[in-house]
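*Asks:* So the chains spell out like this:
Protein chains: 2
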Amino acid sequence: MNYDQIFQSAQEAFLHFKNVSGKDKATFLRRIADGLEAEKHTLIPLASEESNLPEGRITGELGRTAGQIRLFAKLLEEGSWVEAVIDHADPERTPAPKPDLRRFLTPLGPVVVFGASNFPLAFSTAGGDTASALASGCPVIYKAHPAHPETSKLVGQVISKAVIDSNLPLGVFTHVEGGIETGQKLIQHPLAKAVAFTGSFTGGKSLFDLANQRSEPIPVFAEMGSVNPIIAFKEKLGANIESLAKAFVGSLTLGAGQFCTNPGLIMVPSIHAEAFASAVKKELQEIAAAPMLHEGIAEAYYKSLSILESRKELKWVQVAAAKDLIKAYPALAKIKANDWLEDDHFQQEVFGSFALMVVYENFNELFAIAQRLHGQLTITLWGENGELAKKEDLINLLSEKCGRLLFKGAPTGVEVGHAMQHGGPYPSTTDSRFTSVGVHAIKRFVRPIAYQDMPQDLLPDALKEGNPLGIWRTVDGELVK
Amino acid sequence: MNYDQIFQSAQEAFLHFKNVSGKDKATFLRRIADGLEAEKHTLIPLASEESNLPEGRITGELGRTAGQIRLFAKLLEEGSWVEAVIDHADPERTPAPKPDLRRFLTPLGPVVVFGASNFPLAFSTAGGDTASALASGCPVIYKAHPAHPETSKLVGQVISKAVIDSNLPLGVFTHVEGGIETGQKLIQHPLAKAVAFTGSFTGGKSLFDLANQRSEPIPVFAEMGSVNPIIAFKEKLGANIESLAKAFVGSLTLGAGQFCTNPGLIMVPSIHAEAFASAVKKELQEIAAAPMLHEGIAEAYYKSLSILESRKELKWVQVAAAKDLIKAYPALAKIKANDWLEDDHFQQEVFGSFALMVVYENFNELFAIAQRLHGQLTITLWGENGELAKKEDLINLLSEKCGRLLFKGAPTGVEVGHAMQHGGPYPSTTDSRFTSVGVHAIKRFVRPIAYQDMPQDLLPDALKEGNPLGIWRTVDGELVK
Chain A
1 MNYDQIFQSA QEAFLHFKNV SGKDKATFLR RIADGLEAEK HTLIPLASEE
51 SNLPEGRITG ELGRTAGQIR LFAKLLEEGS WVEAVIDHAD PERTPAPKPD
101 LRRFLTPLGP VVVFGASNFP LAFSTAGGDT ASALASGCPV IYKAHPAHPE
151 TSKLVGQVIS KAVIDSNLPL GVFTHVEGGI ETGQKLIQHP LAKAVAFTGS
201 FTGGKSLFDL ANQRSEPIPV FAEMGSVNPI IAFKEKLGAN IESLAKAFVG
251 SLTLGAGQFC TNPGLIMVPS IHAEAFASAV KKELQEIAAA PMLHEGIAEA
301 YYKSLSILES RKELKWVQVA AAKDLIKAYP ALAKIKANDW LEDDHFQQEV
351 FGSFALMVVY ENFNELFAIA QRLHGQLTIT LWGENGELAK KEDLINLLSE
401 KCGRLLFKGA PTGVEVGHAM QHGGPYPSTT DSRFTSVGVH AIKRFVRPIA
451 YQDMPQDLLP DALKEGNPLG IWRTVDGELV K
Chain B
1 MNYDQIFQSA QEAFLHFKNV SGKDKATFLR RIADGLEAEK HTLIPLASEE
51 SNLPEGRITG ELGRTAGQIR LFAKLLEEGS WVEAVIDHAD PERTPAPKPD
101 LRRFLTPLGP VVVFGASNFP LAFSTAGGDT ASALASGCPV IYKAHPAHPE
151 TSKLVGQVIS KAVIDSNLPL GVFTHVEGGI ETGQKLIQHP LAKAVAFTGS
201 FTGGKSLFDL ANQRSEPIPV FAEMGSVNPI IAFKEKLGAN IESLAKAFVG
251 SLTLGAGQFC TNPGLIMVPS IHAEAFASAV KKELQEIAAA PMLHEGIAEA
301 YYKSLSILES RKELKWVQVA AAKDLIKAYP ALAKIKANDW LEDDHFQQEV
351 FGSFALMVVY ENFNELFAIA QRLHGQLTIT LWGENGELAK KEDLINLLSE
401 KCGRLLFKGA PTGVEVGHAM QHGGPYPSTT DSRFTSVGVH AIKRFVRPIA
451 YQDMPQDLLP DALKEGNPLG IWRTVDGELV K
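One line per chain: the protein sequences are A and B, in this order.
First residue of the first sequence? That's 1 in our numbering, and the numbers climb one at a time after it.
First residue of the second sequence? That's 1 in our numbering, and the numbers climb one at a time after it.
Hints may contain errors.
No distinction is drawn between identical chains; accordingly, a pair holds when it is met within one copy or between any pair of copies.
30 Å max Cα-Cα, derived DSBU-like pairs, lysine-lysine [claimed, not checked]:
1. 464 - 236
2. 408 - 481
3. 481 - 74
4. 312 - 282
5. 443 - 185
6. 390 - 23
7. 315 - 327
8. 334 - 390
9. 234 - 334
10. 481 - 443
11. 23 - 161
12. 443 - 74
13. 234 - 98
14. 481 - 464
15. 205 - 185
16. 391 - 464
17. 408 - 464
18. 281 - 312
19. 464 - 390
20. 443 - 23
21. 464 - 74
22. 153 - 327
23. 40 - 74
24. 282 - 98
No wet-lab data here; the hints were simulated from the structure.
Please model the entire structure based on the sequences and the hints provided.
*Replies:* Set out below in structure tokens:
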């Protein structure tokens, strides 16, 4: 593979693409979304076959993928996302005249995107990372995930067709196939300016280290998953044992447990532990084992379970009914809070439909657990308003441990919108300051630039005096349109 | 030193301080600014003595320091900087009800700040890094710069007094004295969540590497300086040789050249090279050599000059009149563009009042120089509007190489306001996506958090339904107040 050629083409495309208007970039993005939907009769069975995910789920994922691309198109058409700021000159100021300063967000340059096996569409070739990078004005070099090569290729063709139809340089999007070494080479190329990744901790951390060892370090946005603890309080749980067991099992086993927001840890007060465990067991027994993404993932799932089965601290509420080559049989074990606190291994993610139920005796134990928790994408609290009201310190502490704090339902199901934060403290991601879902995902691929005393006709439209784009701007400290 | 105690106290303070209202944090910041001004009769001579910078300069720096603290106070009082976003629930949505999601910016935790020797006030103990970290709600552990220990101690006392007067926990600010090892220990502590540094590339890069080698990597905002190229075009330079030479020499020798925005590189068209060099020489000879910050810096300055003096590619317009133990005698050398392009050493920063004049023959040479340039804090273009108009490709390329692009004047003099970007592509900083000057500096120390279906009375005021703070918020995709 000629990496220099790939990146020189991307860099050349970048110097043009960064200046394409929001409206034109939006048209380009809509072409991708339309193209995906036009291919749905081929794409849905193909992605389903390659991922073992049911067609219904892939249909929903295709809708989500097209939807999030169109959300970025809308953001670009509106235009205010560039955060334009203007401080006017004051030639009379003493002791020194004040210059005219104008600042906005400008794209970083070619971005390397790695797809995720568990979302063959929404977090893959035309997924959120690609959509947000393209929206920002960055060309994308996409490293296809080997778990769904044909799906990736087809989606890549849809994007490349949209590039051509939009009269953009071909280097705006490059589809690259290959293994780990290919990914490493892409990250190490001097013209790569950022990396987006969704996958395992081991994978994400190795890319992060590689990027920081470059002679020019570059940012890596690795979304590496977490155990997404649910904390159940006495009153709420006591009054809703069956319905909460149902909600929990639904979230735990959704997509064979292969979600980064899958709840792999649940804290339950001892008084209701037995009743809740029984209710969960009953629900679990009604769940048919579903095929996992590929045999390697199934093997890893059962290997993780075997390691846990050797731990005497665990009591098994439900053992995996079988250790299948491809299907995930759900499993659930109980552990006392005291034992859980002894070993960080008990908060390691098991990718699949396994959860650990931590039985706590009192608030002090729960607080100790909260203090011990690693960074998480999400934490969910199940409590009546009355019992939550007295737990401000706990909620305050838990806010430090996650990117999203839920007070209802289950953590799976990540809304694509303006207020979503999908990203949390390390090790759930490599950078808690950004989100990989929702409109703010675009902020990962930009940096501010300031122009001082730039002649009006050279200024980008977003910064011109008359506000020709009609966007929100901060002018002399005031937000105006 | 008991590092655990320092950080446990900071962490405890953090869990309180993060929830202090913007108004109360503003009052705290104003107390610091007032306190600095109240101490000015002690502080100005002290800082001047310790830094060798004239009292006039320190007086201005004190005003700037207090001014930027008050700018953050104003930002907090207004309150919209937290970027509140609300997406309302839709229980009727199919196939799944839409939850209520609310997102805003929350502080990261204890921040380690390193002061700069060249700004004993504005980039030191109560400088921009400390001010923006405290404004965000992060406690600061300040590692005093050994070049101005007494100034640092006194300013530290002013901050600690403001902490007490504001009834804040003492751990909100800690003043730490020590050497390199102390700084390393601070960065390595598990409770440290971010680092801010202003200084040399070597210093900043080593902190960056250390922070990334932690078991939990943390962000490092290292502002490491650059050569801040000025590019002069034919018509503009030809018509203004004397005045531009004066502006250039003024900027080059300001503060004995000890500014991160000091112009150490100037590109001049060959047709005017001789005339401009003569004019610069004349100006330089009128500049009295000024004492540098300390002997170590003077020694490094003359050592860098000696290395350059051995390079046969350079022609010296002005050699340093003497190699003093403390004073910086300015120097200027010429080099042909062809030779400059051969060796990246020619764009390494010489900290002090030395500049390299690169003589270019034509636009192609200039474009090649631009392509070769490392990341810079600033780039300055001196051109008539007519000659700039034809150089869009060059300007587009130069935008990729800097954080601030100027079209008038000189790069020294960094405005503190809303539109400033002080930070550029690597190696000028470790993170081009943030600024260390101006209100946006606060963004370095925060991350977004989303609350899903949180009961109203538990929500922070910024996210409550009635908008009790009266701030700008994005509600269901629309910016409203």
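*Asks:* Indicate, hint by hint, whether the structure satisfies it.
*Replies:* A quick look at each hint next to the structure:
| no. | hint | result |
| --- | --- | --- |
| 1 | 464 - 236 | between (56 Å within a copy, 24 Å between copies) |
| 2 | 408 - 481 | between (37 Å within a copy, 28 Å between copies) |
| 3 | 481 - 74 | both (18 Å within a copy, 22 Å between copies) |
| 4 | 312 - 282 | within (24 Å within a copy, 84 Å between copies) |
| 5 | 443 - 185 | within (25 Å within a copy, 32 Å between copies) |
| 6 | 390 - 23 | between (50 Å within a copy, 26 Å between copies) |
| 7 | 315 - 327 | within (23 Å within a copy, 75 Å between copies) |
| 8 | 334 - 390 | within (27 Å within a copy, 72 Å between copies) |
| 9 | 234 - 334 | within (17 Å within a copy, 78 Å between copies) |
| 10 | 481 - 443 | both (21 Å within a copy, 23 Å between copies) |
| 11 | 23 - 161 | within (18 Å within a copy, 53 Å between copies) |
| 12 | 443 - 74 | both (15 Å within a copy, 25 Å between copies) |
| 13 | 234 - 98 | between (62 Å within a copy, 27 Å between copies) |
| 14 | 481 - 464 | both (13 Å within a copy, 25 Å between copies) |
| 15 | 205 - 185 | both (16 Å within a copy, 23 Å between copies) |
| 16 | 391 - 464 | between (50 Å within a copy, 19 Å between copies) |
| 17 | 408 - 464 | between (46 Å within a copy, 18 Å between copies) |
| 18 | 281 - 312 | within (20 Å within a copy, 82 Å between copies) |
| 19 | 464 - 390 | between (52 Å within a copy, 19 Å between copies) |
| 20 | 443 - 23 | both (18 Å within a copy, 28 Å between copies) |
| 21 | 464 - 74 | both (22 Å within a copy, 27 Å between copies) |
| 22 | 153 - 327 | within (27 Å within a copy, 65 Å between copies) |
| 23 | 40 - 74 | within (23 Å within a copy, 53 Å between copies) |
| 24 | 282 - 98 | between (72 Å within a copy, 28 Å between copies) |
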